[in-house]
Structures are given as structure tokens and as C-alpha cells.
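Number of protein chains: 2
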Amino acid sequence: MTTAAEQPMSTTAPPLTVALAKGALLDDSVARFAAAGLDFSAILDPANRQLMVPSACGTARALLVRNADVPVYVAYGQAQLGVVGFDVLQEHQLPVAQLVDLGFGGCRMSVAVKATSPYRRAADLPAHCRIASKFTRCAERFFASLDLPVEVIHLAGSVELGPITGMSEAIVDLVASGRTLRDNGLIAIEDLFHSTARLVGHPLALRLDDGRLQGIVERIRAISRVHSSVPEAA
Amino acid sequence: MTTAAEQPMSTTAPPLTVALAKGALLDDSVARFAAAGLDFSAILDPANRQLMVPSACGTARALLVRNADVPVYVAYGQAQLGVVGFDVLQEHQLPVAQLVDLGFGGCRMSVAVKATSPYRRAADLPAHCRIASKFTRCAERFFASLDLPVEVIHLAGSVELGPITGMSEAIVDLVASGRTLRDNGLIAIEDLFHSTARLVGHPLALRLDDGRLQGIVERIRAISRVHSSVPEAA
Numbered sequence: 001m002t003t004a005a006e007q008p009m010s011t012t013a014p015p016l017t018v019a020l021a022k023g024a025l026l027d028d029s030v031a032r033f034a035a036a037g038l039d040f041s042a043i044l045d046p047a048n049r050q051l052m053v054p055s056a057c058g059t060a061r062a063l064l065v066r067n068a069d070v071p072v073y074v075a076y077g078q079a080q081l082g083v084v085g086f087d088v089l090q091e092h093q094l095p096v097a098q099l100v101d102l103g104f105g106g107c108r109m110s111v112a113v114k115a116t117s118p119y120r121r122a123a124d125l126p127a128h129c130r131i132a133s134k135f136t137r138c139a140e141r142f143f144a145s146l147d148l149p150v151e152v153i154h155l156a157g158s159v160e161l162g163p164i165t166g167m168s169e170a171i172v173d174l175v176a177s178g179r180t181l182r183d184n185g186l187i188a189i190e191d192l193f194h195s196t197a198r199l200v201g202h203p204l205a206l207r208l209d210d211g212r213l214q215g216i217v218e219r220i221r222a223i224s225r226v227h228s229s230v231p232e233a234a
Numbered sequence: 001m002t003t004a005a006e007q008p009m010s011t012t013a014p015p016l017t018v019a020l021a022k023g024a025l026l027d028d029s030v031a032r033f034a035a036a037g038l039d040f041s042a043i044l045d046p047a048n049r050q051l052m053v054p055s056a057c058g059t060a061r062a063l064l065v066r067n068a069d070v071p072v073y074v075a076y077g078q079a080q081l082g083v084v085g086f087d088v089l090q091e092h093q094l095p096v097a098q099l100v101d102l103g104f105g106g107c108r109m110s111v112a113v114k115a116t117s118p119y120r121r122a123a124d125l126p127a128h129c130r131i132a133s134k135f136t137r138c139a140e141r142f143f144a145s146l147d148l149p150v151e152v153i154h155l156a157g158s159v160e161l162g163p164i165t166g167m168s169e170a171i172v173d174l175v176a177s178g179r180t181l182r183d184n185g186l187i188a189i190e191d192l193f194h195s196t197a198r199l200v201g202h203p204l205a206l207r208l209d210d211g212r213l214q215g216i217v218e219r220i221r222a223i224s225r226v227h228s229s230v231p232e233a234a
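From first to last, the protein sequence lines stand for chains A and B. 1 is the number of the first residue of the first sequence in our numbering; add one for each residue after it. 1 is the number of the first residue of the second sequence in our numbering; add one for each residue after it.
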């Protein structure tokens, strides 16, 4: 196994680096870059254990990182481009430029309660109730916008256990198919926002760009207009 | 599939609830509770998809949650007992009582740098350098204790990419076998602390206990004295 540290790097200028999120967005992210001329399909090989994978042409590389880490690598300039969900951008508010709404990875950030509870809108929830969420900043901003004081409890996973155990009245979480909610006797009662995957960039890299970044961004934007049925929200 | 919401509950008083961390600590946690008379082995069945699993005797239940969520469920009293790594307790500082050092799950919270870097102690690192970590509070406290101002960057995973990409001079991360560090050309240069799994409890539940909790804690403490070679640190 070649480890990340031993991986050959471009011998000329630092190569173009793209931060891609592991998980649900990865296949579509690789396909979109492939259509724009950068082939990172080696990253999809189940045998791949590298976190830093060169493109087939050798002029770029992909960093394979956690969802929440994509805007970190882009904000610090270690990656010039990245693909990440709008939900992560809303939660972490890092200084990256949102370039293209890629249209895939659609889901909603929703308030959900027990199906047996009397609450049918977020504003119905009692003041000072508890809300469990992985997205505590999104939850805090949303309830502040309702002028409803709540206690937001951070959970790292399985947020649906909050209402089931009685720890929280509600949750704020991503809902895609809604199956996890149904399986756990919960229902979504209000959406904070709709989320899709976004192409993001390092602002300074874009400003100092010799045209290469802009070319990739334009090709991905053109392809995404064809693919996407969601209106672009920058 | 029986979902968590449909799961039968005790019809009398709320059952004793134990929060167990998914992952590396789970097998040993289940074994320790089994030796103390509570059989949660159903949780280890690979076919199990429930997050709330009753004990074989029916008088208790286990919540299967993420590491970082164990002290949350215990602090809020949804679980009276829990098993979690000392590292998580140090990072999140929630109001739970540390009851027993269980001895297993041993690892170190360490500062690591590129093997090729000139730094051999944390105090050698340059002021205002960047440190990547999942454990940002531990890292911040440690460098504050050295009077060394640093910028701590939160990463959710694959922290070793910090130095590899050049984003950070060093990382603060858990080191067990050291293989991940070696595979990525990094070396640990200083330890913040040693971590093992801990039995934790809800302080009020322990104070209001009719003897049942105390009995379980005493049995686990007795077993853990036999198993553990690590001195107990409360």
C-alpha cells in the first residue's frame, strides 16, 4: 500500500487540489469533475485507502475528507476547490466562495417531533424546551429567528434518540427520504432550508487564478445547469 | 424489524438505562456489565439495528450511541450509567460522575508532527503555528498550559492530513497502536494524557439510588480491579 505521505507529488507548481466529501456526495462529485476534464475515479475504487489521490492526468489531486472538513481545507487554501453540502456551509460559516449549486445530494434541514406529540409547527414548541441536533448553530439561529428560547443539545449521531428517550422535545436534522424519521416514530413539522451539494472555492485562489480554475468552474457550471432542476442559490 | 420507537418498555418504574459507546469500547463494555449481572449481549448481534436494547433479564436497557454522546445522555439523566473514554470526558467536560477506571480502551492523547520536522517537544513548535485536532478543547488547554499561542483548527476526521497537506504544523490526536501515524509519516512527540474507558454515572441518580446502582457499580469496580493494571484515576 502506498501511504498518503509517500505519494508522489507534482514536481512543478503545487497541483490543483480538490477537497471531496466521503459518503453520499462522492460518486456524483467525481462524475461532475470527470465531465469537466478531471478524472478522480481512482478514489471510488473500494481498494483505495489513500486520502490524497492524483487525477488520471496527473495535474490535480483530490483530498478525500469528511463532509465538515471540506470547507476547512478550502478556507485555509490547502484545496482550491471543494464539493460539500449547503448544510455544512450553513453550520460552519467558513470563508469560502460558493460557486455552483450542483443540484445533487438534495435533502432538507428539518425540525422533527414525535408523531404522537401535539406540535405541528416549530413555533408551537414550548419555550425553554430541548432540541437535539448535530447542527447546533443552524438550530440556534432558526429558533432565535422565531424568538423562541430553547436549549440546543449537541449530539454526534442518532439524533432521533433525543425524543425517543425523552431527552428532547424535538430534533433539527437532515431529512432525505424520511425513512429514519418514520422508522423511529418521528415526523418533520417544518423545514429550515433545502440543501444540495455546492462547488466552493478559496477566494484568494480564485482571484489569483490564471484561468485554469475558472475554466473548471465554468465547465462544471454548464454541466450542472443541464443536470439540475433546482434553481441556483449562491 | 422492530424500530426503537416500537420497542417494549418496562411497565413499572423507568428501567435502568446504560449508555454504551459504539465502536472499539463496545465488546469490553458489554462483557463488564455481563460480569456484573446485566446481559446486553443482544447489542453485539451484527443483525441488531436497534439503538435501545433491553437486557436479557428485562430490568434494564442499553442505549447504543456515539462516543461523544455517552456523557450527554448521562448528564441529562436519560441514562443512569455509561461507559466512555476518558478522552471524551476531557474534551466535553459534562457534569457526570466518574466512578470506575475500567482499564480497557487504552490510548494516548498525543501531539504528533511530521517525522521529518525538527520539532521533538511540543514546546519546540513555533508560536502561532497551526494545530489540527478533533479534540480542540484538549489541544487549546494543553498549549495554553505551555504558554504557547497556537491556532487550533477543528477537523472531523483524518487529522493526519493536516501536516501532510501543510495546513498545520502538528496534530493532537488519539494514538493507540501508532500505525496510522507511521503510515502517514508522522511521529508522536509528547502526550497530553493517557486514556482508558470509564464507568460514569448521573450524579443525582446516584444520590437517589435505592442500592441497585451502587450494587452494579461495586461489582464492576471489583471486576475491573482484577482486569486492570492501570492505577485508578477518578
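Just to be clear, a hint being listed does not mean it is correct.
Said to hold, decoys possible - Now the in silico label distances, taken between C-beta atoms and shown as ranges:
hint	chain 1	residue 1	chain 2	residue 2	range
1	A	A24	B	V226	44 to 54 Å
2	A	A47	B	A127	17 to 27 Å
3	A	V226	B	D28	50 to 60 Å
4	B	T59	A	G23	31 to 41 Å
5	B	A127	A	S41	36 to 46 Å
6	A	D39	B	A31	42 to 52 Å
7	B	R137	A	Q98	41 to 51 Å
8	A	A188	B	P15	44 to 54 Å
9	B	D191	A	A222	24 to 34 Å
Unchecked claim - No more than 27 Å apart at the CA atoms, straight line, and that leaves these computed lysine-lysine pairs for DSSO-like:
hint	chain 1	residue 1	chain 2	residue 2
10	B	K134	B	K114
11	A	K114	B	K114
12	A	K134	B	K114
Source of the hints: derived by calculation from the structure; they are not laboratory data. From the three backbone atoms N, C-alpha and C, an ideal C-beta is built for every residue, glycine too.
Evaluated hints:
1. Restraint check, A24 (chain A) to V226 (chain B): a C-beta distance of roughly 45 Å satisfies the suggested window 44 to 54 Å.
2. For the hinted restraint 17 to 27 Å between A47 (chain A) and A127 (chain B), the CB-CB distance of approximately 43 Å leaves it violated.
3. A hinted range of 50 to 60 Å for the beta carbons of V226 (chain A) and D28 (chain B) is consistent with their spacing of about 53 Å.
4. Between T59 (chain B) and G23 (chain A), the C-beta spacing of about 39 Å keeps the proposed range 31 to 41 Å intact.
5. One distance hint, 36 to 46 Å for the beta-carbon pair A127 (chain B) and S41 (chain A), holds here, with the actual separation near 43 Å.
6. In this structure, D39 (chain A) and A31 (chain B) meet the distance hint of 42 to 52 Å, their C-beta atoms being roughly 48 Å apart.
7. At about 30 Å, the beta-carbon gap between R137 (chain B) and Q98 (chain A) misses the expected band of 41 to 51 Å.
8. A beta carbon spacing of about 29 Å between A188 (chain A) and P15 (chain B) contradicts the range 44 to 54 Å that was offered as a hint.
9. Under the hint 24 to 34 Å, the C-beta atoms of D191 (chain B) and A222 (chain A), about 52 Å apart, miss the expected range.
10. Of the supplied pair hints, the one linking K134 (chain B) and K114 (chain B) holds, its CA atoms being roughly 18 Å apart against a limit of 27 Å.
11. Only pairs whose Cα atoms come within 27 Å are accepted, and K114 (chain A) paired with K114 (chain B) is rejected, the gap being roughly 49 Å.
12. Restraint check for K134 (chain A) and K114 (chain B): not satisfied, since their Cα atoms lie roughly 32 Å apart, outside the 27 Å limit.
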